[in-house]
Amino acid sequence: MIRAEGYYLEAVIMNSIPTGLQKKPRVLSLGTTKHLGEDFIAEFQREFDLSVLEICPRGQLKSRLEDDIKEHGPVDGFIIGPNSIPYYPFDEEVLSPLVPGCKIIASLTSGYNMFAVEWIAKQGMWLTNTLDAVAEPTADMAMFLLLAVFRNTTNAEQSARAGTWRNNLNPTHDPSGCTLGIVGLGTIGKVSNFT
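Under the working numbering, residue 901 is the last one in the sequence shown; the count climbs by one each step, no gaps.
What the hints contain is simulated information worked out from the structure, not anything from laboratory work. Ideal Cβ placement from N, Cα and C applies to all residues, glycine included. Mixed in with the good hints, there may be bad ones.
List of simulated lysine-lysine pairs, DSBU-like, C-alpha gap at most 35 Å [as the list claims (entries may be wrong)]:
#	residue 1	residue 2
1	729	768
2	730	768
3	828	768
4	828	776
5	776	729
6	896	768
7	896	776
8	776	740
9	740	896
10	740	730
11	776	730
12	896	828
13	729	828
14	740	768
15	729	740
The following label-pair restraints were derived from C-beta to C-beta distances [as the list claims (entries may be wrong)]:
#	residue 1	residue 2	range
16	741	823	52 to 58 Å
17	805	881	50 to 56 Å
18	738	827	48 to 54 Å
19	859	825	27 to 33 Å
20	850	830	40 to 46 Å
21	865	751	50 to 56 Å
22	752	879	55 to 61 Å
23	777	830	20 to 26 Å
24	791	889	23 to 29 Å
25	797	742	31 to 37 Å
Using the sequences provided together with the hints, build the complete structure.
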């Protein structure tokens with residue numbers, strides 16, 4: 707039930723509501739949506755009733771969801787924003803207030819290992835992630851770290867800051883002509899342009 711190709715909020719939600727009873731589906735975002743841009747939010751709100759659940763400690767999330775649902779009604783879609791690390795894992799303990807109304811959980815992260823995927827699927831909910839969202843920046847950082855190791859830049863920087871430039875620094879390796887093996891070759895490996 708994992709969909710990595712993008713968000714399927716409208717299709718999943720609207721297809722599960724009987725014709726004639728359709729109103730704007732209620733979508734709740736965990737944390738701010740400002741990073742999405744005002745134009746996108748305005749367009750999104752034409753189709754969906756979007757509200758934001760302010761950031762809170764993980765221990766309070768379940769009760770905050772319960773309070774929000776009591777006050778505003780069931781949630782059709784739940785968006786988990788980019789600052790979600792403090793809430794891991796997203797499991798039954800945290801997500802149970804969304805059942806049975808929620809049809810889809812849309813995560814703005816690239817992974818899904820922080821989700822109780824089997825439990826979510828058993829509830830009949832879709833789980834989406836943004837597979838390629840951070841692939842290029844991660845590949846860039848991998849290249850940066852690889853060159854830092856080759857060129858011993860950490861020690862060189864520390865030496866320069868301490869005013870002992872070139873003291874105790876050994877010549878470094880030249881990466882040109884080296885062969886790099888990428889194990890796994892997932893999305894990050896595929897966008898890495900090593901030459």
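Going down the list of hints, with the structure as the test:
Taking the CA atoms of residue 729 and residue 768, the gap is near 26 Å; set against the 35 Å cutoff, the hint holds. Restraint check: the Cα-Cα separation between residue 730 and residue 768 comes to about 24 Å, which is no more than 35 Å; the hinted pair holds. With a C-alpha separation of about 19 Å, the suggested pairing of residue 828 with residue 768 holds against the 35 Å cut-off. Restraint check for residue 828 and residue 776: satisfied, since their Cα atoms lie roughly 24 Å apart, inside the 35 Å limit.
At roughly 18 Å between alpha-carbon atoms, residue 776 and residue 729 fall within 35 Å of each other, so this suggested pair holds. At most 35 Å may separate the alpha-carbon atoms for a hinted pair to count; residue 896 and residue 768 exceed this at roughly 38 Å. Taking the CA atoms of residue 896 and residue 776, the gap is near 46 Å; set against the 35 Å cutoff, the hint is violated. Distance restraint check for residue 776 and residue 740: the Cα-Cα separation of roughly 26 Å lies within the 35 Å cut-off, and the hinted pair is therefore satisfied.
For a cut-off of 35 Å, the pair hint linking residue 740 to residue 896 stands: about 30 Å separates their Cα positions. In summary, the hint linking residue 740 to residue 730 is supported, as the alpha carbons are separated by about 21 Å, within the 35 Å threshold. Between residue 776 and residue 730, the direct Cα distance comes to roughly 18 Å. Compliance with the 35 Å bound is thereby established for this hinted pair. Proximity of residue 896 to residue 828 is assessed by CA-CA distance (about 33 Å); at most 35 Å being required, the pair is judged to hold.
Under the criterion of a C-alpha separation no larger than 35 Å, the hint pairing residue 729 with residue 828 is consistent with the structure, at around 26 Å. For the hint linking residue 740 to residue 768, the alpha-carbon distance of about 23 Å falls within 35 Å, and the restraint holds. For a cut-off of 35 Å, the pair hint linking residue 729 to residue 740 stands: about 25 Å separates their Cα positions. The beta-carbon spacing between residue 741 and residue 823, approximately 25 Å, falls outside the hinted interval of 52 to 58 Å.
One distance hint, 50 to 56 Å for the beta-carbon pair residue 805 and residue 881, holds here, with the actual separation near 52 Å. For the pair residue 738 and residue 827, the supplied restraint of 48 to 54 Å is violated, since their beta-carbon distance comes to about 28 Å. Range check, residue 859 to residue 825: Cβ separation about 44 Å, and the 27 to 33 Å hint is violated. A hinted range of 40 to 46 Å for the beta carbons of residue 850 and residue 830 is consistent with their spacing of about 43 Å.
As the Cβ distance of residue 865 to residue 751 is approximately 54 Å, the hint placing it in 50 to 56 Å holds. One distance hint, 55 to 61 Å for the beta-carbon pair residue 752 and residue 879, holds here, with the actual separation near 56 Å. Roughly 24 Å separates the CB atoms of residue 777 and residue 830, a value that falls within the hinted 20 to 26 Å. Between residue 791 and residue 889 the CB atoms are about 25 Å apart, so this pair conforms to the stated range of 23 to 29 Å.
A C-beta distance of roughly 26 Å is found between residue 797 and residue 742, which places it outside the suggested range of 31 to 37 Å.
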